[in-house]
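Here's the letter readout for the chains.
Number of protein chains: 2
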Amino acid sequence: MLGIMQDWPLTVDKILEHANQQHGAREIITRRVEGNIVRTTYAELYTHAKQVSNALKDMNIGLGDRVATLGWNSERHMASWYGTMGIGAVLHTINPRLHPEQIAWIANHAEDKVLIFDKTFLPIVESIKGLLETVKTFVIYAGADTMPENSLGAIPFDIWIDGRSTECRWGDFPEETACGLCYTSGTTGDPKGVLYSHRSNVLHTLVTMSKDAMGMGCADVVLPVVPMFHANAWGLALSCPATGANMVMPGAQMDGASIYELLDTEKVTITAAVPTVWLMLLNYLEENNLKLPYLNRVIIGGSAIPEKILRAFEQDFEVDVVHAWGMTETSPLGTLGTLPPHLVDADVDTRMAQKMKQGRPPFGVELRIVDDAGNVLPRDGVTSGRLLVRGAAIAAGYFKGAGGDVLDADGFFDTGDVANLDQYGTMTITDRAKDVIKSGGEWISSIDIENIAVGHDKVANAAAIGVYHPKWDERPLLVIQPMPGETPTKEEILKSLEGKIAKWWTPDDVAFVDEIPLGATGKINKLALRKTFKDYKLPTA
Amino acid sequence: MLGIMQDWPLTVDKILEHANQQHGAREIITRRVEGNIVRTTYAELYTHAKQVSNALKDMNIGLGDRVATLGWNSERHMASWYGTMGIGAVLHTINPRLHPEQIAWIANHAEDKVLIFDKTFLPIVESIKGLLETVKTFVIYAGADTMPENSLGAIPFDIWIDGRSTECRWGDFPEETACGLCYTSGTTGDPKGVLYSHRSNVLHTLVTMSKDAMGMGCADVVLPVVPMFHANAWGLALSCPATGANMVMPGAQMDGASIYELLDTEKVTITAAVPTVWLMLLNYLEENNLKLPYLNRVIIGGSAIPEKILRAFEQDFEVDVVHAWGMTETSPLGTLGTLPPHLVDADVDTRMAQKMKQGRPPFGVELRIVDDAGNVLPRDGVTSGRLLVRGAAIAAGYFKGAGGDVLDADGFFDTGDVANLDQYGTMTITDRAKDVIKSGGEWISSIDIENIAVGHDKVANAAAIGVYHPKWDERPLLVIQPMPGETPTKEEILKSLEGKIAKWWTPDDVAFVDEIPLGATGKINKLALRKTFKDYKLPTA
Ligand SMILES: Nc1ncnc2c1ncn2[C@@H]1O[C@H](COP(=O)(O)O)[C@@H](O)[C@H]1O
Numbered sequence: 001m002l003g004i005m006q007d008w009p010l011t012v013d014k015i016l017e018h019a020n021q022q023h024g025a026r027e028i029i030t031r032r033v034e035g036n037i038v039r040t041t042y043a044e045l046y047t048h049a050k051q052v053s054n055a056l057k058d059m060n061i062g063l064g065d066r067v068a069t070l071g072w073n074s075e076r077h078m079a080s081w082y083g084t085m086g087i088g089a090v091l092h093t094i095n096p097r098l099h100p101e102q103i104a105w106i107a108n109h110a111e112d113k114v115l116i117f118d119k120t121f122l123p124i125v126e127s128i129k130g131l132l133e134t135v136k137t138f139v140i141y142a143g144a145d146t147m148p149e150n151s152l153g154a155i156p157f158d159i160w161i162d163g164r165s166t167e168c169r170w171g172d173f174p175e176e177t178a179c180g181l182c183y184t185s186g187t188t189g190d191p192k193g194v195l196y197s198h199r200s201n202v203l204h205t206l207v208t209m210s211k212d213a214m215g216m217g218c219a220d221v222v223l224p225v226v227p228m229f230h231a232n233a234w235g236l237a238l239s240c241p242a243t244g245a246n247m248v249m250p251g252a253q254m255d256g257a258s259i260y261e262l263l264d265t266e267k268v269t270i271t272a273a274v275p276t277v278w279l280m281l282l283n284y285l286e287e288n289n290l291k292l293p294y295l296n297r298v299i300i301g302g303s304a305i306p307e308k309i310l311r312a313f314e315q316d317f318e319v320d321v322v323h324a325w326g327m328t329e330t331s332p333l334g335t336l337g338t339l340p341p342h343l344v345d346a347d348v349d350t351r352m353a354q355k356m357k358q359g360r361p362p363f364g365v366e367l368r369i370v371d372d373a374g375n376v377l378p379r380d381g382v383t384s385g386r387l388l389v390r391g392a393a394i395a396a397g398y399f400k401g402a403g404g405d406v407l408d409a410d411g412f413f414d415t416g417d418v419a420n421l422d423q424y425g426t427m428t429i430t431d432r433a434k435d436v437i438k439s440g441g442e443w444i445s446s447i448d449i450e451n452i453a454v455g456h457d458k459v460a461n462a463a464a465i466g467v468y469h470p471k472w473d474e475r476p477l478l479v480i481q482p483m484p485g486e487t488p489t490k491e492e493i494l495k496s497l498e499g500k501i502a503k504w505w506t507p508d509d510v511a512f513v514d515e516i517p518l519g520a521t522g523k524i525n526k527l528a529l530r531k532t533f534k535d536y537k538l539p540t541a
Numbered sequence: 001m002l003g004i005m006q007d008w009p010l011t012v013d014k015i016l017e018h019a020n021q022q023h024g025a026r027e028i029i030t031r032r033v034e035g036n037i038v039r040t041t042y043a044e045l046y047t048h049a050k051q052v053s054n055a056l057k058d059m060n061i062g063l064g065d066r067v068a069t070l071g072w073n074s075e076r077h078m079a080s081w082y083g084t085m086g087i088g089a090v091l092h093t094i095n096p097r098l099h100p101e102q103i104a105w106i107a108n109h110a111e112d113k114v115l116i117f118d119k120t121f122l123p124i125v126e127s128i129k130g131l132l133e134t135v136k137t138f139v140i141y142a143g144a145d146t147m148p149e150n151s152l153g154a155i156p157f158d159i160w161i162d163g164r165s166t167e168c169r170w171g172d173f174p175e176e177t178a179c180g181l182c183y184t185s186g187t188t189g190d191p192k193g194v195l196y197s198h199r200s201n202v203l204h205t206l207v208t209m210s211k212d213a214m215g216m217g218c219a220d221v222v223l224p225v226v227p228m229f230h231a232n233a234w235g236l237a238l239s240c241p242a243t244g245a246n247m248v249m250p251g252a253q254m255d256g257a258s259i260y261e262l263l264d265t266e267k268v269t270i271t272a273a274v275p276t277v278w279l280m281l282l283n284y285l286e287e288n289n290l291k292l293p294y295l296n297r298v299i300i301g302g303s304a305i306p307e308k309i310l311r312a313f314e315q316d317f318e319v320d321v322v323h324a325w326g327m328t329e330t331s332p333l334g335t336l337g338t339l340p341p342h343l344v345d346a347d348v349d350t351r352m353a354q355k356m357k358q359g360r361p362p363f364g365v366e367l368r369i370v371d372d373a374g375n376v377l378p379r380d381g382v383t384s385g386r387l388l389v390r391g392a393a394i395a396a397g398y399f400k401g402a403g404g405d406v407l408d409a410d411g412f413f414d415t416g417d418v419a420n421l422d423q424y425g426t427m428t429i430t431d432r433a434k435d436v437i438k439s440g441g442e443w444i445s446s447i448d449i450e451n452i453a454v455g456h457d458k459v460a461n462a463a464a465i466g467v468y469h470p471k472w473d474e475r476p477l478l479v480i481q482p483m484p485g486e487t488p489t490k491e492e493i494l495k496s497l498e499g500k501i502a503k504w505w506t507p508d509d510v511a512f513v514d515e516i517p518l519g520a521t522g523k524i525n526k527l528a529l530r531k532t533f534k535d536y537k538l539p540t541a
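Chains as they are written, first to last, in this note's numbering: chain A, 1 to 541; chain B, 1 to 541.
These are computed hints drawn from the structure, not numbers from a lab. One thing to keep in mind: the hints can contain errors.
The list treats identical chains as one, so a pair stands whether inside a single copy or across any two.
Stated by the list, open to error - Here are the simulated EDC-like cross-link-like pairs (lysine to aspartate or glutamate), alpha carbons at most 20 Å apart as the crow flies:
no., residue 1, residue 2
1, K537, D347
2, K400, D7
3, K267, D345
Nothing here was measured: the structure is a model prediction, and the numbers come from that model.
Turn these sequences into a full structure, and let the hints steer you where they fit.
Here is the structure:
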């Protein structure tokens, strides 16, 4: 027997319909790539998105067709999203930090028909135009006056939509319809596309709106520094209109001074970004002796949060830090570090230690850890295993079947992370499965070592990797990028680890490099590091 | 083209799975009908619910079968819910305040197979046992020691589930499967059953968890005074486990002293009930000179909120009032009175005036107002029309087809309320469609008149109804139930309306009664009143 409730498909166009009707006057404040600030409203966004839909329909773009963007966070980028998704076409965000050839490969694999991009990326697009097999139309986020010279026959975005009808039927397709496409920049093999559905996007939005997740309301002002091309800006491009929160869009400028200016002048209450952004901001605040009086909450994820960033926000600036874990395949929010009730009134060190962990899944996300044979491991806060995840906004596979069948018999997706879970369901990442250091058959957590090492004053970045050892098979080597002007010694570094990790985890050696290589999403490229240190001879070997 | 995301049906068993795994130690604190307080956890609830499932399965209850409860809010009632819903049977909450014969009619119409009830209601059940055609098993919320004598062959709940296996596969059916059944106590015709689905319940839960709706988190302590038999306790039986909030269950005692004791000893942060409950509490607080130091938020709905209750909470006790509107057919939350951003910093009178309105729909609920011909009316804050609603948790019809086709061509449900909408989407109920007073073809809002009249010190309750007038067709008669010991005059009452309503809305007469009749959900029974005053001759007629 079925319930007798309305058939109301979960499609993302309903989010903007809602924002237009309930929060039409709420604003999107964008820093243009030209540097100036422009203010638009959800009502205007709605109009522009409808015009984008009609522009696409006039090009015969419809259900299932891919429209790509190479764009910073901006109100025009938002209009492209909703205009594309509303008619059932698929919005494909490309990460402009990838190698240009990889961008071309991805656009061809996705069979993108249109490429809409920011001026900043014109050199990239010009350089790969010969490689693009399916893109027929280029649109640049610009007006007639700000349009750059180009050899692509590109159309300025504002002119592309100007004067078009704002009448266009949205939705009206099944909620499982494809909605967004985002490729993961795997360190091995070709990138693989995650194909979000309208249903998964709407459910992710609802889940992340709850108090213990993003927790925004209609009176909040949200600054997503995390780019829309990086795992959907953690869903903010959807959850802000759904709640009516103002959005502040940083465009191309994510340095400390620019972010501070927006936080301050727009009285931002909630912001979100990867740790590196916050390092820049905190340095700027310190140098200029500034405060953050309006900011209530900062969501930090994408990689583990360094303790000094956590403590600076919480203790120096009285900003609530929510450490979040997720990945492109999880839409992306998987866990959030809101304090569990029994720790709300704990002493500061206990609270900070809890907040260093990756957090707990909201209702809608199921986690488990398993051993190599797939047996579910205990939630004791100690035992580590492969982290598996299941839920309505978790990938079931990749675009065009890449990577094959990725779910286990119970329908769980293997994240490739290694983690433990405690009795309250708090998850702590101890490693990437492929980065785990296996010493004598036992696992050593590279992340734990790195977190402590980057806490050292003279250390700018740190990476622990496993290198060959005749007796133990692998032993940890700690690679250090010193702070500019500093020359820390091996002894100093190892001393800083003492007492904070198991003795047998202590790295067998420390190597110093000018720069630790980073990947396109700002994470340490361990594959490259392992290559560099492939033949490294440990003093203990 | 479909997205490639996991198939994760939205079934309510997942909510308790989540609570068990993530919030297993969080508590349900219940006042038993015997008066003592018992504490259980979500982990224990999970165990008990699994045992309920096995008890039901042993009786051959399965997918689609109806299990009825006549119960106060309690941890045992919760176990019945989840145990029933988990196996795809339908939990049918019956309102014990209905006339016993109506209860029998409803149980027969629903074809309930099991009836589980609180001791309080034994006299009712005994009185109708001869009328019950389908109920084969009676279970009483009691242990061996607290079981009352009865002629029903009833089983004590604790013994019914004791020692049963806690292994039982939940879910595993389509999310559209029927989940809950609740009859609306229509004032005309037979009651009609709203048949919730798992999907609608889960989506309602997610929608109501957001900051601007119920806004609870894992560290909150929630006291649902609103009964589980009244429109699902406004979803709290689902949203509390979904977030991990503690639940405080008042059982049968909803008087001021009992509610205060729970608010205080359990440090309740969020509570919810109809206005009458708050009147009792506020009187008790005043008489005993008490404060509410822990309470942050009170959700008030079910009928319009009297201004003195609003102001008492907000101004005397510094508790944030969220006025909510909804109905059984809307799961029930339709609108919530969280302040829109432009009024957050307004002066107190402006804020209070806004909070008297019914509020704004969250994402997931669509509202429109239409005239009698079905034309959509403007959102100008003045024009009133029939209030229509659409969404994933809104009824599409009634059980067994009662009432026929209830959706309009656009899929909207007619609420039977008359309301206006302003440009920010704030909805104000001006009347029930059937209670509207039509004077010379124009509508007079009975609710506006009543709201002002109950603000008068000497007035306990007030109802405005239309009575026959030879010239205007109908004119308002204001019926007043004076405060005990008070004898207000017609002139005093009319004076209190002066300047607050349009002159032509002024009632043509005032009638005094000992008691204004109330229906089963505590609302004024206008049908009965109109009968009483059918032949009333107005002085103006
Ligand atoms: N906040 C409110 N203000 C005015 N009327 C309300 C409010 N909440 C509920 N109601 C009335 O109660 C009806 C629903 O009754 P029920 O289904 O018994 O909960 C609605 O259609 C309204 O007429």
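(request) Could you tell me which of the hints above the structure violates, numbers in ascending order? (result) Number 1 - this is the single hint that the structure violates.
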